[in-house]
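Residue numbers (our numbering), protein chains in the order written: chain A, 4 to 422; chain B, 16 to 297; chain C, 817 to 1135.
Don't read these hints as lab results, they were simulated from the structure. Each statement offered as a hint is correct.
Each computed DSS-like pair below joins lysine-lysine, with the alpha-carbon atoms no more than 27 Å apart:
#1 B:Lys23 <-> C:Lys943
#2 C:Lys1128 <-> B:Lys121
#3 B:Lys123 <-> C:Lys1128
Just the calculated beta-carbon pair ranges, DEER-fashion:
#4 A:Asp240 <-> C:Phe979: 25 to 31 Å
#5 B:Ala27 <-> C:Asn992: 42 to 48 Å
#6 C:Leu917 <-> B:Ala27: 35 to 41 Å
#7 B:Phe122 <-> C:Phe864: 25 to 31 Å
#8 A:Gln318 <-> B:Phe76: 48 to 54 Å
#9 B:Phe122 <-> C:Ala900: 44 to 50 Å
#10 B:Val59 <-> A:Gln159: 21 to 27 Å
#11 C:Asn890 <-> B:Arg90: 45 to 51 Å
#12 A:Asp409 <-> C:Asn890: 20 to 26 Å
#13 C:Trp909 <-> A:Gln318: 48 to 54 Å
#14 A:Asp409 <-> C:Phe864: 31 to 37 Å
One-sided excerpt, in silico: chain C residues whose CB lies under 8 Å from chain A:
#15 Asn880
#16 Gly1077
#17 Gly1080
#18 Arg1097
#19 Gln1100
By construction, the Cβ of each residue, glycine as well, lies at the ideal position given by its N, Cα and C atoms.
The lines below spell out each chain.
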Amino acid sequence: MRSILKTSFAAFVAAGIAASAMQANAQTLSGDLVIFSDMSNPAPRAVMEGMVERFGEMHPDLNIELTVIDREAYKTQIRNFLTANAPDVANWYAANRMLPYVEAGLFEDVSDIWEGAMSEELASTKGALTVGDAQYGVPYTYYQWGVYYRKDLFDQFGLTEPTTWEEELANCQTLLDNGIKCYTIGTKFLWTAGGWFDYLNMRTNGYDFHARLTNGEESWTSDEVRATFANWRQLIDMGAFIDDHQNYSWQEALPFMVNGEAASYLMGNFAVAPLREAGLTDEQIDFYQFVEITPGIPKGEDAPTDTFHIPSGAQNKEAAREFLRFVVSAENQTLINNGANLGQLPVNALSSVDDDKFLQQGFEMLSSGAPGGIAQFFDRDAPAEMAAAGMEGFQEFMVFPDNLDDILERLEATRQDVY
Amino acid sequence: MFPTPVQKSSPAVRVGYQAFLPLALFLWLLPLIAVMIFSIKPDVDFTTGNYWGWPSSFEGFTNYGLVFFESAMPRYLLNSVLITVPTVIGTVALACMTGFALGVYKFKGNLLIFFMFIAGNFVPFQILMVPVRDLTVDMGLYNTKTGLVLFHIAFQTGFATLFMRNFIRALPFPLIEAARVEGVAEWRIFVYVVLPLMKPAIAAMAVLIFTFIWNDYFWAVVLTQGPESQPVTAGITSFNAQYRAAYHLMSAGSIVAALPPVLMFFLMQKHFIAGLTLGAVK
Amino acid sequence: MTISADSYSQTPRGWYKRNEIAITPWLFLAPGVLFFVVYVIAPIWQSFGMSLYDWNGLGDIDTNGTYVGLENYNKLFGLNGERADRNFQISLWNNLKWLVLYLLAIPLGLFIALFLNQSVRGIRLYKSLFFFPFVISQVVVGLVFSWFYLPNNGLFTIMTGWFGFEISGGVLGNPNTATYGIIAAGLWPQTAYCMILYLTGLNAVDPEQVEAARLDGAKGRKMLWYVILPQLKPATFIAFVVTIIGALRSFDLVSIMTGGGPFGSTRVLSYYVFEKSLSERGLQYGYAAAVAVVLFMIMLVFISYFLWSMYKDERGARS
Chain A
4 MRSILKTSFA AFVAAGIAAS AMQANAQTLS GDLVIFSDMS NPAPRAVMEG MVERFGEMHP
64 DLNIELTVID REAYKTQIRN FLTANAPDVA NWYAANRMLP YVEAGLFEDV SDIWEGAMSE
124 ELASTKGALT VGDAQYGVPY TYYQWGVYYR KDLFDQFGLT EPTTWEEELA NCQTLLDNGI
184 KCYTIGTKFL WTAGGWFDYL NMRTNGYDFH ARLTNGEESW TSDEVRATFA NWRQLIDMGA
244 FIDDHQNYSW QEALPFMVNG EAASYLMGNF AVAPLREAGL TDEQIDFYQF VEITPGIPKG
304 EDAPTDTFHI PSGAQNKEAA REFLRFVVSA ENQTLINNGA NLGQLPVNAL SSVDDDKFLQ
364 QGFEMLSSGA PGGIAQFFDR DAPAEMAAAG MEGFQEFMVF PDNLDDILER LEATRQDVY
Chain B
16 MFPTPVQKSS PAVRVGYQAF LPLALFLWLL PLIAVMIFSI KPDVDFTTGN YWGWPSSFEG
76 FTNYGLVFFE SAMPRYLLNS VLITVPTVIG TVALACMTGF ALGVYKFKGN LLIFFMFIAG
136 NFVPFQILMV PVRDLTVDMG LYNTKTGLVL FHIAFQTGFA TLFMRNFIRA LPFPLIEAAR
196 VEGVAEWRIF VYVVLPLMKP AIAAMAVLIF TFIWNDYFWA VVLTQGPESQ PVTAGITSFN
256 AQYRAAYHLM SAGSIVAALP PVLMFFLMQK HFIAGLTLGA VK
Chain C
817 MTISADSYSQ TPRGWYKRNE IAITPWLFLA PGVLFFVVYV IAPIWQSFGM SLYDWNGLGD
877 IDTNGTYVGL ENYNKLFGLN GERADRNFQI SLWNNLKWLV LYLLAIPLGL FIALFLNQSV
937 RGIRLYKSLF FFPFVISQVV VGLVFSWFYL PNNGLFTIMT GWFGFEISGG VLGNPNTATY
997 GIIAAGLWPQ TAYCMILYLT GLNAVDPEQV EAARLDGAKG RKMLWYVILP QLKPATFIAF
1057 VVTIIGALRS FDLVSIMTGG GPFGSTRVLS YYVFEKSLSE RGLQYGYAAA VAVVLFMIML
1117 VFISYFLWSM YKDERGARS
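Just need the whole structure built from these sequences, with the hints factored in.
Encoded structure:
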């Protein structure tokens, strides 16, 4: 899925222009700008190509080379190209996912971009891009997580969107009594279970505890963590989740919701598109924020942020910085995140959000309904080894809840090793 | 002949055997037959749970049409050809030479080098994985067909050398002696005396390596990514990601991917089996 | 075949000409050996070296990695006060299951070969169709079997259902059955391979010995055990070697069918190496290299055995 889009305008440069460029400011960029991107799905790809085109028009002397790499393959390939043939700009993810690269000195310190107004405009994700006192990348989009549910099924059984754990359980019991599973989930690739853990733990113990836990500062065998799993177990014992979920990917779990065998799905906003494609209308699907569990705890939310970085080995860092500034501008973020493009949320506080009902609700939720804080996602907040062990444990717990003690001891052992 | 030929048994046994053969074959190939039927089923059969029954309608053309015209499959197939064919040529060329050197000459270290090739051939891939990947990256060949081909040639040379050397050993040595007595240069002996006699071995080696390389999945995952250089085995898995749970399309894709080695096997059956069973008969 | 060599015999013999027989083999060996050393032999040593480092695969191992001696091995085996790696133990244990159960391909292959070793009409076609599974990529085999094992809709699940048998979570979703499910899938092509080895071997069985044994009253199982099997020894040897190697290389099927899951219960060493290094969340290259070295050592036992018996043959051929 690699295509090279060459936008070459630098063929002829009159002497006069060159002369004026000598004294001009950073606005006149020249040379090559090499961008590696993982935005390989059709819509994101068009967005990326559009950004390159618009940036190219602003800087006609710049020769931009865009290479789009398959999103999954990119995750391992980045290790090679950052050292072997670094581009000037590269996509990646925030928080712990970027940490090894920052520590290996492979990402450039871009704190200068975050100075001044930008610091305010991008405040919501600043923490996720900060290591020590410096920032190592900029965000271009994020999306909410939450419960997507079949409104028609809820109506049919007289259910309303729950806000407390008791209501959640009561709703679920009604559904189960009518032969419908409460939640669909496919845990074959583990991370979906990570979403459940994030929410249950943030609601049971609060965002701060969750952040400390993923940061290795809390024990996995603590009473707090056990309380989280006890709540989870309530759902498992009720039979709330679909059977045999360990066999399915997240996409393979969608039909259960589409066919009405399960009523809801704790997922990222990207689940909306395939649900619509499968034939569900916006009247049939709706969204609610994950309910409160421990009363009074400020709610934290998962909102994974996708980012741009400048590799340390970049050749044209000046142009790269300018591109990053362009990416984070309110105007650009409004455009690339609208329903016709990414269909996600802009990070810049001055951008406007698309009219799409899920995006509106998500934006509302993240900007005013998440006073606790914004987490990235379990596998981005925790270091790779901890994330892998953790999510494997969550899957095991969902199948064999009785193994909990054993699982938690293993996770604690992993924590001792990793941090 | 063992077991006793059925012709010598009672008519009941004979008929029973003849009748049981197709049944046994059907059971043995059931997984394959299932994919073939999957590949002509319509999408709705899977949502209605009619997985293993008769297709509710024939959608073979639609499914295969999609695979051929609307997916990256043709590209993956082409990549597989462009990876497999050069590997076969390269390996056979190298192995003829090493096999000749080890089979004809007596010199110190002959057996040692021979054993190095054999031992290397059995090494677990994983111990080579990271160094080979780094080497390929350093040469600028990561995610290129060339990078994959070079490694395959090197690795397959081990197995092919074993085969070629044993084959050459079995050739009549006096033929070479006679040529030497006449003062023929050694390389000419290779080209004009030995090579022509090696044709069956070359054919056997070629089909076998073709199949091995075509079916390689591990190295394709380690050294390449994306439709511009990945072969069809790795392509199928990304095809999965694209059409997750679309069993009919994945089946059609699998059949298309499996076809070339199957054809190769049927066309060159004798050579294929000769290659595989090397050493099984003394 | 006529070869004109007159022109050569007359020319004065140069250094090369004088040493031709000694030099030629090395010239012929050079490209093959070079390739092999660069791509196979050297990487083995590099992996040994890498296994002594703590390195996340980023940057250069000398600058970004830390030399830790045998620390990685201590972690694997739980030596020196470290906690033994549970995932490594699971992998090792599964590898053992693979080794033992995969060997079933040999008797199964022999059984089918005996069944097919007849000369009725169309038997050739039957033989090649029986061989079919071996020609197909393991990726396809893995996919097909995972559909077989699907919970609810898988054919296997439906069929076991007839006998009132239910595997909770599906064959591949249940940690107690998943590895066996994968091994069964692997046995399908491997049995075909062993079958073809035995079919060829059976062709070469000495008919006179069989007849003689028949006259002595040997039949059925006795005949097989005392007369046929000894003659099939070379075929059994090759079948053993390729099956062992196949069992230890079991990466493709695990990767396609379960990805090591559910909760890591189907890991094998070869998959674990990949998981710890090149996979999405694998950033422990040094540790992965240590696992690879262990796998290599296990394989080395079999490689040594194989080389030793080849060496005996070579000696035998010379004397």
